[in-house]
Amino acid sequence: MKSKRINILLVEDNPDEVVLIKEQLLHTKDTNFNIASVGRLDAALSWLAESQAEVVMLDLILPDSRGLETFRKVYGRFPEIPIIVLTCVGDEALASQLVKEGAQDYLIKGQGDIGALVHALRYAIERHSAKKNSQEALKRLRELNETKSQFVAEVSHEIRTPLAIIREFVSLVRDETVGPLNEKQCKCLDAALRNCDKLTDLISRILDLARIEAGKAELHRTKADLTSLLMQFRNDFTPVCQTKKQTLVLDVPDNLPMAHCDVTSVHNILTNLIGNAHKFTPEKGTLRIRTKEEGRFLRIDVEDTGPGIPRDSLEKIFEAFVQIDRKDGPGTKGTGLGLKIAKSLVELNGGCISVDSTIGKGSCFSFTLPVYDKELPSRILIVDDEELVVRMIEKVLRYSDLKLEVKSTLSGLDSLIIAGEFKPNLIILDMHLAEVGGEQVLLSLRQQSRQHNSKVLIISGDVHSLTEVVRDGADEVLAKPFTPNDLLDKIRILLNLEPKTYLEPIEEKGR
Amino acid sequence: MAPAKKILLIEDEPEFRMALRMRLEANGYEVIEAEDGVAGLDLARNRNPDLIILDIMLPKMDGYKVARLLKFDEKHRNIPIVMLTARSQQSDRETGMSVGGDAYMTKPFKPQEMLETIAKLLAESAG
Numbered sequence: 001m002k003s004k005r006i007n008i009l010l011v012e013d014n015p016d017e018v019v020l021i022k023e024q025l026l027h028t029k030d031t032n033f034n035i036a037s038v039g040r041l042d043a044a045l046s047w048l049a050e051s052q053a054e055v056v057m058l059d060l061i062l063p064d065s066r067g068l069e070t071f072r073k074v075y076g077r078f079p080e081i082p083i084i085v086l087t088c089v090g091d092e093a094l095a096s097q098l099v100k101e102g103a104q105d106y107l108i109k110g111q112g113d114i115g116a117l118v119h120a121l122r123y124a125i126e127r128h129s130a131k132k133n134s135q136e137a138l139k140r141l142r143e144l145n146e147t148k149s150q151f152v153a154e155v156s157h158e159i160r161t162p163l164a165i166i167r168e169f170v171s172l173v174r175d176e177t178v179g180p181l182n183e184k185q186c187k188c189l190d191a192a193l194r195n196c197d198k199l200t201d202l203i204s205r206i207l208d209l210a211r212i213e214a215g216k217a218e219l220h221r222t223k224a225d226l227t228s229l230l231m232q233f234r235n236d237f238t239p240v241c242q243t244k245k246q247t248l249v250l251d252v253p254d255n256l257p258m259a260h261c262d263v264t265s266v267h268n269i270l271t272n273l274i275g276n277a278h279k280f281t282p283e284k285g286t287l288r289i290r291t292k293e294e295g296r297f298l299r300i301d302v303e304d305t306g307p308g309i310p311r312d313s314l315e316k317i318f319e320a321f322v323q324i325d326r327k328d329g330p331g332t333k334g335t336g337l338g339l340k341i342a343k344s345l346v347e348l349n350g351g352c353i354s355v356d357s358t359i360g361k362g363s364c365f366s367f368t369l370p371v372y373d374k375e376l377p378s379r380i381l382i383v384d385d386e387e388l389v390v391r392m393i394e395k396v397l398r399y400s401d402l403k404l405e406v407k408s409t410l411s412g413l414d415s416l417i418i419a420g421e422f423k424p425n426l427i428i429l430d431m432h433l434a435e436v437g438g439e440q441v442l443l444s445l446r447q448q449s450r451q452h453n454s455k456v457l458i459i460s461g462d463v464h465s466l467t468e469v470v471r472d473g474a475d476e477v478l479a480k481p482f483t484p485n486d487l488l489d490k491i492r493i494l495l496n497l498e499p500k501t502y503l504e505p506i507e508e509k510g511r
Numbered sequence: 001m002a003p004a005k006k007i008l009l010i011e012d013e014p015e016f017r018m019a020l021r022m023r024l025e026a027n028g029y030e031v032i033e034a035e036d037g038v039a040g041l042d043l044a045r046n047r048n049p050d051l052i053i054l055d056i057m058l059p060k061m062d063g064y065k066v067a068r069l070l071k072f073d074e075k076h077r078n079i080p081i082v083m084l085t086a087r088s089q090q091s092d093r094e095t096g097m098s099v100g101g102d103a104y105m106t107k108p109f110k111p112q113e114m115l116e117t118i119a120k121l122l123a124e125s126a127g
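Chains as they are written, first to last, in the working numbering: chain X, 1 to 511; chain C, 1 to 127.
Note that these hints are calculated values from the structure, not bench results.
The beta carbon of each residue, even a glycine, is placed where N, CA and C say it ideally should be.
Take these hints with a grain of salt, some might be off.
Under the rule of at most 30 Å between Cα atoms (straight-line distance), these lysine-lysine pairs were calculated in the DSBU-like manner [said to hold, decoys possible]:
id : chain 1 : residue 1 : chain 2 : residue 2
1  : C       : Lys-75    : X       : Lys-184
2  : C       : Lys-110   : X       : Lys-244
3  : C       : Lys-110   : X       : Lys-187
Sample of chain C residues at the chain X side, in silico, Cβ under 7 Å [to be verified]:
id : residue
4  : Pro-80
5  : Ala-86
6  : Pro-111
For each label pair, taking beta carbons as the anchor points, the in silico distance ranges come out as [claimed, not checked]:
id : chain 1 : residue 1 : chain 2 : residue 2 : range
7  : X       : Lys-198   : C       : Glu-124   : 40 to 46 Å
8  : C       : Arg-47    : X       : Leu-138   : 57 to 63 Å
9  : C       : Ala-4     : X       : Leu-193   : 45 to 51 Å
10 : X       : Glu-319   : C       : Pro-3     : 33 to 39 Å
11 : X       : Lys-184   : C       : Arg-47    : 29 to 35 Å
12 : X       : Ala-479   : C       : Glu-124   : 30 to 36 Å
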């Protein structure tokens, strides 16, 4: 049954080949191929701009274009249409290069039977649509997550008002504003108030988490003195510890280097960890905060002498609403979000968090924060297929006062591999790469760099034509042509480096 | 004895208004109320309150606008304003302060906190 109809554009300048391919495809039993053919690249591009094709069969040698260029021009403009390249015997190396650059498949002219041809066509379409579907699914998932976070934020706000009213009325009665109470009544109302406060706390935490998950946490990472932050924290928290006659010990070495972190979130992390330690440690126990330098990180340990956490619970303890079964009775239960928030905040600050625990002895939560060190070189990767531009940027960076480690590549494909290993702090990416579109490189880089926080600076000769995808994915955009100082300004902003000396303007160089 | 300090309460939630009124009266304050921004602004201008408790999300005119209009006005700019809101983002807090709130409280709050804030602001504006 010929039920499915597939539109093919055949780009081939040899009329005999066109006839042969058409002949083969028209005799296929279960698929109805609809074949249009053109003999030149310009004709192919205008055909594709106006009509729909499920797949393009593309001869590389055409009167108006040859080799790689032929493929790149079609793929560059119509990346959404799968392409099967037609090559001659002996061109297999070129063909496999094209597959790496995004062609779905290649066929060698004069070889293979109808079966192979039809197979190639079907697979090309299927693979391509699978890729497209997964990209779309990912996009939908992101949108859904965004909607969820917004919903959570709105609902949380709406809960606050009635909660405020309940709290206010209960406390009016509790404070005997409207008449005297007996002891039992006071106890009941105290319990009601305690739970109002718990609910308030829970809502704040849900909001925090929603903000973090929506990527809207307000983080300002700066140079921070962890020693004074911890001392202040100990002073603030000591009265709380005294309610259970616990000792809070602070163990900070002299000359601890500065940290690079957002102070508010570090305070939040410590509050969560020490709050737990305080809650689960019995009276007269000891809480200890210990810090030390570990390579490029500062490590902060929060130790308690509580009951400890069972081994099988350690792994899932940082997930939301996971609470370890304890026999400590009511009142020790938290919101179940504290550790999840702590973990997210630590990671947003570029560190990691872990836990170790011995039953009967106590637990130790450890997290790291990067050392603030402007002497530490920032890693920059330049991706541009124009060698002159790459050399120019390298030169600008070399003569700046910034301490940098620079790598460069002319290939968008190579850049993905290099970025994975080099883990650059900043990627300078040209949008108009010849082989694969800059947009594709950006999307792939983005998927990688989410894991190690690379910033992406787009350079483009035509900033007005940048798509929304690019604008969303890039941290900054710089229009070509740019001056050395334009570039250095952007780099300083993106890498959070202090502005210092500027390069001398070029016209004053001779002085 | 000094006359009771007069507090203008601008809040659209009737039950919250009632609870706050009871609390404030129990602590010796005189309370006048408005349930929207326009009525609130009118009372602020004509009844000489010593302090204003101002919700942000209000019908007719929001709390930010009420605060701004009062602070622009020479005759009323010295009346301390406590902004009330169900929001808690740091940036909201900053907006609240920059448009003229002298203090900012997130619902729900502890009554003691509110009473202390009011007492402090009244002492400052008297001195």
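Hints broken by the structure, by number, lowest first? Structure breaks hints 1, 4, 7, 9, 10, 11 and 12.
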